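Trainee: What follows is the residue order along each chain.
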Amino acid sequence: NAGVTQTPKFRVLKTGQSMTLLCAQDMNHEYMYWYRQDPGMGLRLIHYSVGEGTTAKGEVPDGYNVSRLKKQNFLLGLESAAPSQTSVYFCASSGQDWSYEQYFGPGTRLTVT
Amino acid sequence: QKEVEQDPGPLSVPEGAIVSLNCTYSNSAFQYFMWYRQYSRKGPELLMYTYSSGNKEDGRFTAQVDKSSKYISLFIRDSQPSDSATYLCAMRTNAGNNRKLIWGLGTSLAVNP
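Those sequence lines, one after another, are chains A and B.
In terms of this note's numbering, the first sequence opens at residue 36 and continues consecutively.
In terms of this note's numbering, the second sequence opens at residue 186 and continues consecutively.
Hint data in this document are derived by calculation from the structure and do not stem from the laboratory.
If you're wondering where the values come from, they're calculated on a predicted model, not measured in any experiment.
Accuracy of the hints is not assured; some may be wrong.
Output of the computed footprint for chain B on chain A, the stretches with three or more beta carbons under 8 Å from beta carbons of chain B [unchecked claim]:
1) 69-78
2) 86-92
3) 97-103
Cut-off 30 Å, straight-line C-alpha distance, at most; resulting in silico cross-link-like pairs (DSSO-like, lysine-lysine) [unchecked claim]:
4) K106(A) <-> K241(B)
5) K252(B) <-> K187(B)
6) K187(B) <-> K105(A)
7) K252(B) <-> K285(B)
8) K187(B) <-> K255(B)
9) K241(B) <-> K227(B)
10) K105(A) <-> K241(B)
11) K92(A) <-> K241(B)
12) K252(B) <-> K241(B)
13) K187(B) <-> K241(B)
14) K227(B) <-> K49(A)
15) K255(B) <-> K44(A)
16) K44(A) <-> K92(A)
17) K44(A) <-> K106(A)
18) K285(B) <-> K44(A)
19) K92(A) <-> K255(B)
20) K105(A) <-> K44(A)
21) K285(B) <-> K227(B)
22) K49(A) <-> K92(A)
23) K187(B) <-> K227(B)
24) K285(B) <-> K92(A)
25) K227(B) <-> K106(A)
26) K252(B) <-> K44(A)
27) K241(B) <-> K285(B)
28) K106(A) <-> K92(A)
29) K285(B) <-> K255(B)
30) K285(B) <-> K187(B)
31) K255(B) <-> K241(B)
32) K105(A) <-> K92(A)
Simulated restraints, written as ranges between beta carbons of each label pair [said to hold, decoys possible]:
33) K252(B) <-> D132(A): 37 to 47 Å
34) G51(A) <-> N240(B): 51 to 61 Å
35) L104(A) <-> K252(B): 17 to 27 Å
Glycine included, every Cβ here is placed at the ideal spot set by N, Cα and C.
Start from the sequences and build out the full structure, keeping to the hints where you can.
Mentor: Structure below.
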């Protein structure tokens, strides 16, 4: 039981490049979330999903897209990376909507130069 | 003004000290109050939660909620070097669609042997 896993762990992109971050969970959770964590800003919700095939915008969705084609996977895409997207990205999942207990992955450290 | 305020620290204490970590909030509709612990370069994990008001104890950890003052605390007794981490408070309401977790910035704690 791996919980929540994220791929890749680290990435360096040049401005304008694109990439996809993959999140996978093996707890059969309906709800999945993408956060970014920045010094002085804390955890901010980018997008979330309340079930397979659904996605919704969080606090800071601009510049990101998401897809939830399979229940266990939640993908976060950056179409044209910008230096402002340099951050640590966390995926989380929960068994109930907005549960007080969210299970987090280990994070992806992204640097955009 | 942010909905949840948390002093980022850093806080440095000697091993064995009693640690007090705090958050204040402005939304009187918050009903769930959580403390997450985040070790360096890891994702947050739920440490404790309290529903509504009162105290909750788990081993060396005690969570308190004072809704009249809109103030929550986490106490760590007999602190250990393994408690060195960032502690994030999080809160949410219990009604309608507005149940996203609202996060504090996190307080960095170092327990020195």
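Trainee: State the violated hints by number, sorted upward, taking the hints as numbered earlier in the document.
Mentor: Numbers 2, 3, 4, 6, 10, 11, 15, 26, 33, 35 - these are the hints that the structure violates, sorted from lowest upward.
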